[in-house]
Amino acid sequence: MTLKIIPKTEISNWIELLNRKYRIIAPAPVQQHFAFKEVKSFSEMDLGYRTTILPPKKALSPQYEELLTFNNLENHTEAVIDDTPTVLFGVHTCDLHAINFLDTVFQRDYTDQHYFSRRKNTVIVSLECLEPCTEYSFCKDMGTYTAPAELDLHMVDIGDAYALNVGSESGEKLLNGIERVHLAADKDEKQLNRVLHNKWPRFTYHLHADITELPGLMGSSYKSPIWEDLGKRCLGCGSCTLVCPTCYCFDMVDEADFAGNSGHRCRVWDSCQLNQFASVAGGHDFRPGQANRQRHRFFRKYKYQSFAPSLLGCVGCGRCSSACLVDITPVDTLNKLFHRRVAAKHTRQEAVAQ
Amino acid sequence: MIAGLKDALMETSVYLPIQARIRDIHQMNELTKLFTIDLPAGINLNHRPGQFLQVSIMGVGEAPISISSSPSRTNGSFQMCVRKAGDFTGVMHKLQPGDTLGVRGPFGHGFPYERFRGKDMLFTPGGIGLPPLRSLINQVLDDRSNYGRVIILYGARNPSELLFKEELQEWEEREDVELLVTVDRGDENWKGYVGVITTLFPKIQVYAPNTVSFTCGPQVMYRFVVTELIGMGIREGNIYLDMERRMKCGIGKCGHCQINHEYTCKDGPCFTYAHLKTLEEGL
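Sequence order for the protein chains is W and P. Quick note on our numbering: the first sequence kicks off at 108 and runs consecutively. Quick note on our numbering: the second sequence kicks off at 2 and runs consecutively.
Simulated from the structure, these hints should not be mistaken for lab results. None of the values given here were measured: they were computed from a predicted structure.
Derived coverage of chain W by chain P (criterion: at least 3 residues anywhere in the stretch with Cβ under 8 Å from a Cβ of chain P; other residues may be distant): (1) 171 to 179; (2) 184 to 191; (3) 212 to 222; (4) 348 to 357; (5) 379 to 388.
We treat Cβ as the ideally placed atom computed from N, Cα and C, and that holds for glycine.
Generate the whole structure from the sequences, applying the supplied hints.
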């Protein structure tokens, strides 16, 4: 990796140049919040954003996505593949970890060409967070509060300039033609180290268990009464999964014209928290009740998906906690599970001692 | 170059079905039809018994449907037996010979039937669970000398819901097939057994260490059937169960069919009881 420097006064020019070649998707203010959306200039974005309502995964796996187009009169069906060159700009590191996770998901066993066409044509410019986004962020616990090893171009705010960590050829290419970008000098590296050194203590730990203990903790908590408690509170609205950067479950629906002759087969985000998710024709529901659905969600986040290198199915962004209407949060739930287990262990030890 | 249907998945889109043509439709009973379907010239299904296809009618949707013909009797054409149960199968039942259907697959692990050479094969289908097992039954019957006993215990709600009646007659007449059929409720013409499928078990004797069993049917019957099978001494790893779940993608991504961490579409739909009992959401 090479380290380069771009003065802040040059960013606007840079975006203008990128806009000639790429669709740019970046965080922008929306009412009192922020959202990733298509922008044409630097003035439309806000790199000081805390978190966004929806994660940037929507640029790769949109909420609503045409997979196929069909015309039954001509007996013709065709795949819709999006290969628009895109720059996904200003992505926080938790969300970048999540995208790396999705890359694994959409590639294992069968490659999802729709996702990968977008992914291959998207260059990600990530941004180091210098402060936690919200009270719910637990990215330090999940090991995602700084950049992963695999990245295209990573920005760190070092005062009047950004340090740019160049991690790939496509990342390097984004800097072509920007005159005031230069290799980092000694003083720049020192400044970068100072910024990062000051950053670490601003982030605190929230989980009482270590990330490596979570799959085991889940494994011994399948029958915990906590799930019943969550089930009673959960409204089954599905917000937690819809704002999650690592959730990828989907439904497929056909949208046809009035005569049913032509239209699209679309992929739409789905949620394991919704009551139709596991039911089949004839009405049988294979995962009835909100307690079972919440448990499934937690198991998917902290145990089932350990196939991605050094990642669980959660990056600690805290969006689900912010979105939940009844204050179900991973931190609270995992800590309760942890303390119940510790208490159970003590009881056992005392019983043995007597 | 697409030689097997599965190769099509690697082309432009894993979700793009191949259009196949319905050659024949046979009404099996009030709610169930048997479709014989031709793949486009040059494309083979290359399936294993127990695998399924994602079947599409563009504008209506897609549904997972098991393949009910055996590899031994499948070349360019194959069969699927479909009960009218929901929106998709309702429309599928209105199709006519000559109409097209989209197909993707075959998906899932089938039954590893090469492993069963020399084994006594015990099939216990219930109701609409016969079609997927028929694929394996005919595969075994077409290679009969390589297997031990073939025992079929088949249960249906009433005589009119019995499927593949001509084949049942054939199996009945064969000396190397032991077939017992029961219905929950008989009618005035019914002379066979009456009772749920588990009432058939005491009527047969098996040499348990050499017996492999295959069950497909409504999930509610599995626990009772497994209890019988274990009671007979059949090894948990030799009890195969064909599982039903909601499926959308068929390739282990959409999440609907999960049994704990396993995807029924990709890791199943045929599981051994030894494996399934380690999954809390299994039975």
